[in-house]
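A.B. asks: The listed protein sequences correspond, in order, to chains A and B. Numbered according to my numbering, the first sequence terminates at residue 184, and the numbering increases by one at each position without gaps. Numbered according to my numbering, the second sequence terminates at residue 808, and the numbering increases by one at each position without gaps.
No wet-lab data here; the hints were simulated from the structure. Quick caveat, the model's predicted, so the values are computed rather than measured. Glycine included, C-beta positions come from ideal geometry on N, C-alpha and C. Careful, some of the hints might be misleading.
Below are the DSS-like pairs computed for lysine-lysine, each with C-alpha atoms no more than 25 angstroms apart in a straight line [what the hints assert, rightly or not]:
no. : chain 1 : residue 1 : chain 2 : residue 2
1   : A       : K123      : A       : K41
2   : A       : K105      : B       : K390
3   : A       : K145      : B       : K374
4   : A       : K165      : B       : K390
5   : B       : K705      : B       : K170
Chain A stretches covered by chain B per the calculated footprint, using a threshold of three residues with CB under 8 angstroms from any CB of chain B [stated by the list, open to error]:
no. : stretch
6   : 38 to 50
7   : 55 to 61
8   : 115 to 123
9   : 135 to 145
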Amino acid sequence: MKKNLFYCLAFVASIMLISSCTKEDSNDEELITTLTYKLTPVGGGNAVTLSFRDIDGDGGNAPVISASPLKANTVYNGELTILNESESPSDDITAEIKAEDKEHQFFFESSILKVEYTDKDANGNPLGLLTKVSTTAPGTGKLKVTLKHEPNKTASGVKDGKISNAGGETDIEVEFNITVQ
Amino acid sequence: MLKKITILFFILKISYLHGQTACSITLKGKIVDGHEQAGLEYASIFLPDVNRFAYSDKNGEWIIDGLCPGAYHLKIDHLGCESKKLFLTITKDTLIQTKLEHHTELLSVVDVMDQRYSSSVGKANYEVTGKFLSKSASLSLAEVAKLIPGVDAVRSGSNISKPLIHGLSGNRVAIMNDGIVIEGQQWGMDHSPEVDVSNAGSVKVLKGSAAILYGSMATAGVVISESDINVSSDPHLHGKFRYNFQSNGLGNHIALNLSKKSGDWHQYLGAALKRTGDMKTPTYYLRNTGLSEQSLDYIAQRIRDKSSIKYTFKLYRFNAGILRSAHIGNLTDLKGAITREIPFFTEENFKYTINAPKQAVNHATFNVNYQKTLSPSKNYYLKYTTQINNRKEFDVRRAERTGTPVVDMLLTSNHFETLYEHKINHSLKYLLGTALRVNVNYNIPGTGSLTLLPDYRLFNPNLFGIITKKIKNHTQIEGGLRYENHQYFVERFVNRTLTKNSSNFHSLNANFGIGSRIKDVITFKADLSYVSRPPQINELYSNGVHQGLVAFELGNVSLTNENSLKSVIDVGLDLHHFGHFSFAFFAHRINNFIYLLPRREPILTIRGAFFAFDYTNSDTWLRGFEGIYKVNLAHSSELLLSGGVTRSFNRDTKEEILWTPPPFLKTQFSQDLYISKSKNQEINFSVGLEHTFENQIVSASQDLLPPPPGYTLVNADVTYKQSISKRPIQITLSFRNLLNETYRNYLNRFRYFADEPGRSIDVTLLYNF
Numbered sequence: 004m005k006k007n008l009f010y011c012l013a014f015v016a017s018i019m020l021i022s023s024c025t026k027e028d029s030n031d032e033e034l035i036t037t038l039t040y041k042l043t044p045v046g047g048g049n050a051v052t053l054s055f056r057d058i059d060g061d062g063g064n065a066p067v068i069s070a071s072p073l074k075a076n077t078v079y080n081g082e083l084t085i086l087n088e089s090e091s092p093s094d095d096i097t098a099e100i101k102a103e104d105k106e107h108q109f110f111f112e113s114s115i116l117k118v119e120y121t122d123k124d125a126n127g128n129p130l131g132l133l134t135k136v137s138t139t140a141p142g143t144g145k146l147k148v149t150l151k152h153e154p155n156k157t158a159s160g161v162k163d164g165k166i167s168n169a170g171g172e173t174d175i176e177v178e179f180n181i182t183v184q
Numbered sequence: 040m041l042k043k044i045t046i047l048f049f050i051l052k053i054s055y056l057h058g059q060t061a062c063s064i065t066l067k068g069k070i071v072d073g074h075e076q077a078g079l080e081y082a083s084i085f086l087p088d089v090n091r092f093a094y095s096d097k098n099g100e101w102i103i104d105g106l107c108p109g110a111y112h113l114k115i116d117h118l119g120c121e122s123k124k125l126f127l128t129i130t131k132d133t134l135i136q137t138k139l140e141h142h143t144e145l146l147s148v149v150d151v152m153d154q155r156y157s158s159s160v161g162k163a164n165y166e167v168t169g170k171f172l173s174k175s176a177s178l179s180l181a182e183v184a185k186l187i188p189g190v191d192a193v194r195s196g197s198n199i200s201k202p203l204i205h206g207l208s209g210n211r212v213a214i215m216n217d218g219i220v221i222e223g224q225q226w227g228m229d230h231s232p233e234v235d236v237s238n239a240g241s242v243k244v245l246k247g248s249a250a251i252l253y254g255s256m257a258t259a260g261v262v263i264s265e266s267d268i269n270v271s272s273d274p275h276l277h278g279k280f281r282y283n284f285q286s287n288g289l290g291n292h293i294a295l296n297l298s299k300k301s302g303d304w305h306q307y308l309g310a311a312l313k314r315t316g317d318m319k320t321p322t323y324y325l326r327n328t329g330l331s332e333q334s335l336d337y338i339a340q341r342i343r344d345k346s347s348i349k350y351t352f353k354l355y356r357f358n359a360g361i362l363r364s365a366h367i368g369n370l371t372d373l374k375g376a377i378t379r380e381i382p383f384f385t386e387e388n389f390k391y392t393i394n395a396p397k398q399a400v401n402h403a404t405f406n407v408n409y410q411k412t413l414s415p416s417k418n419y420y421l422k423y424t425t426q427i428n429n430r431k432e433f434d435v436r437r438a439e440r441t442g443t444p445v446v447d448m449l450l451t452s453n454h455f456e457t458l459y460e461h462k463i464n465h466s467l468k469y470l471l472g473t474a475l476r477v478n479v480n481y482n483i484p485g486t487g488s489l490t491l492l493p494d495y496r497l498f499n500p501n502l503f504g505i506i507t508k509k510i511k512n513h514t515q516i517e518g519g520l521r522y523e524n525h526q527y528f529v530e531r532f533v534n535r536t537l538t539k540n541s542s543n544f545h546s547l548n549a550n551f552g553i554g555s556r557i558k559d560v561i562t563f564k565a566d567l568s569y570v571s572r573p574p575q576i577n578e579l580y581s582n583g584v585h586q587g588l589v590a591f592e593l594g595n596v597s598l599t600n601e602n603s604l605k606s607v608i609d610v611g612l613d614l615h616h617f618g619h620f621s622f623a624f625f626a627h628r629i630n631n632f633i634y635l636l637p638r639r640e641p642i643l644t645i646r647g648a649f650f651a652f653d654y655t656n657s658d659t660w661l662r663g664f665e666g667i668y669k670v671n672l673a674h675s676s677e678l679l680l681s682g683g684v685t686r687s688f689n690r691d692t693k694e695e696i697l698w699t700p701p702p703f704l705k706t707q708f709s710q711d712l713y714i715s716k717s718k719n720q721e722i723n724f725s726v727g728l729e730h731t732f733e734n735q736i737v738s739a740s741q742d743l744l745p746p747p748p749g750y751t752l753v754n755a756d757v758t759y760k761q762s763i764s765k766r767p768i769q770i771t772l773s774f775r776n777l778l779n780e781t782y783r784n785y786l787n788r789f790r791y792f793a794d795e796p797g798r799s800i801d802v803t804l805l806y807n808f
């Protein structure tokens, strides 16, 4: 009787061992690989592109960061595009952000550029996919673009782009070296 | 077998006096103090079936006469002692000798001559007793074990904690629950063990490597939790019901356990439900720190003279919110968070809701334990355990994916063990064992994120032996050897292509222990263990950002075994009226200690910068000591002092190991008082003061923030207990952090973000039937 019981258990266990071999999944990854900031001069002219691409995701190969020079004393219309290029065709994350505009806000911190919001979320607070970027005198500096998820948009200064009171967590944070000629 | 021990423990002798006729039977008894061996006065003996009671006189003797033949329940109580219950069938005049242990919440187990195989001869063996557990219902396993000096709890917020023995946890501390080693994702610092102590009768800790019996995962020690199972011969339904309310977090906690004997079978059912909401620091609510926990245990055990069999079924569910302000995106967020006085996402109002980020863990266990006595000197044991563990972790995500877990792992574990025990003569015995453990980890698809840990299979055969020799009557020595083989078969993605790897590790562990008791005054225990622990799956293959850590952890496939030599010396001094003193010293030297080494340069990703950590080997030591002094100031009051220091040192980087517990000092005073002697109504007051020092030897460059300053906490409780009643009830009012101190705990990973919870007033109701 007891022997039978243990044979049974041994059988159950061996079934579990055999049946538990793993099948690999092709996980659809919720990844952001690419941020492109396209700056089109308001008065016409060639657009300038700033881009950050990390096709293999976190770790592995280092990201590729590029920024074309901007013209002095110029106003640009800025438009951000966020993609997941690890998929084919690539995923448009911009649309996801637009769909959840109340829970997102981009922040722009720069020593050389002035960036203003030109779009609004459903509550009338800034989102930052569309912006106005102005340059003054020639020089070099940095531009940091940050996407916050679930920021507190009503905290002091956050509507005007002050990131320090925003809270939330960072979904994107990239920094460009900017040259104004 | 168990039955014998339990009964031996508190009935010394039952002898039948001369035969008598119906309804004139005399029941006589003597109660002795288990400690002093002297008669115990004013103990009450209650027979609820006939509503009769008696008190012991100054020699500890009592008498109840005029009883009819029959079966009686007997309940023996004494001020400050745990109730003892007996069930007797009386046909003639009977004399009962009982031993009542007048001890406290924390017990140093000094029994050198262990009855059962346990490999604990030389190990410092401490127990948190039912007395403590019965009045503090809503603590986690680690919080209970923390009562024992040398044991700490490493935490991730207020809901998640795991035991730390002598500065080590995770892959180096085994957790046993009702004889089963818990198999979960125990590697993670934020993964609490899948054990509910709501219905636990005791929590024990063996300090000193227990790797011979439990494998290399017990390098630093083992934490043992046992359910409150009653295996007496009583055929009636008995059990405990406990309700606990805690004011901080507005928590409600219900625990019920039932035991019944029918025929040969002892059955046990335990169930517990716990629900708490947001905890509050003295000034703000910690948003999203609610917890929901459920457990259900069923144990059926048949005990016969020549064999016994035990079936155990356990279900455990854990759903815990993670402090919202600790969920951060990258290093910039972290810097923002740690410089704030009051964290982001704190609110004025209380909430029960548990939102992402959160963890949901389901754990199911099935175990069969069979014991057969071949001859009076030979036993064999067969054990089979299967465990299924599903861990889901949820983050705040875009595009309504918050409801999709980022981690969803299914771990299936099967464990076979055979043991053969042979007592060659009364002083020499040996134990031989084989064990096979097969674990399969599977990442359930659909998480939409890279897997932190790969899919793998672990094949782990083991062979071990322990030999125990008694020298004279008071000394016992023990030696053990264990061979282990770990084979990992791993399937993972490297740069988005499926790669198969396998790793194979052999290890040999050895142990020597000595335990001695000299003239009932000194107990001496020493244990020396060599453990060769193979690297675990996370140390070899983890790849990714761990929840809330802002740390990119990279496994290292070239790691080799971690070889450690741990020695623990434990000395107990029983000075009778002058108290009990126990002192333990440990030294743990580890070559190839596996730990996370921070990289100088953070990893740059589109989400910003992350700390990067590589698993690496280095040579390390840990040393420390802890002591307990316990004294009865008067017969019914007790003073307990304890303290401990643990130091660690990485011999390569010349720095302390992170998360080494800071030194502490504790004192507790308790006083038992009778309200009414005739009804045996008593009140117990206890007040405790604990001071944790600042961890001063972690250098500033090692951590994000310097260790928090030292702090002193005051805890107090009042318990009312009524013994002579058919409905014995115990009510406890307790105050945790009575002075509402604002502090941060070095061993809490969320100390970067928020303060610890403030004052909580708890009410615990215990109904023992």
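A.B. asks: Would you mind marking each hint as holding or not holding in the structure?
C.D. replies: Quick rundown of the hints versus the structure:
With a CA separation close to 19 angstroms, the supplied pair K123(A) and K41(A) stays within the 25 angstroms bound. For a cut-off of 25 angstroms, the pair hint linking K105(A) to K390(B) stands: about 23 angstroms separates their Cα positions. A C-alpha spacing of about 20 angstroms is found between K145(A) and K374(B), which places the hinted pair at or below 25 angstroms, so the restraint holds. Under the criterion of a C-alpha separation no larger than 25 angstroms, the hint pairing K165(A) with K390(B) is inconsistent with the structure, at around 29 angstroms.
For the hint pairing K705(B) with K170(B), the CA-to-CA distance comes to about 19 angstroms; that is within 25 angstroms, so the pair holds. Given as covered by chain B, the stretch 38 to 50 of chain A fails the check, having 1 residues with a CB less than 8 angstroms from a CB of that chain where 3 are the minimum. Against chain B, the stretch 55 to 61 of chain A contributes 5 residues with a C-beta closer than 8 angstroms to a partner C-beta. That satisfies the three-residue criterion, and the hint holds. As drawn, the stretch 115 to 123 of chain A meets chain B at 0 residues by the rule of a beta-carbon pair under 8 angstroms; below three, the given contact is violated.
Coverage of the stretch 135 to 145 of chain A by chain B is violated in this model, with 0 residues showing a Cβ closer than 8 angstroms to a Cβ of that chain against a need of three.
In the structure shown, a violation is registered for the earlier hints numbered 4, 6, 8, 9, in ascending order.
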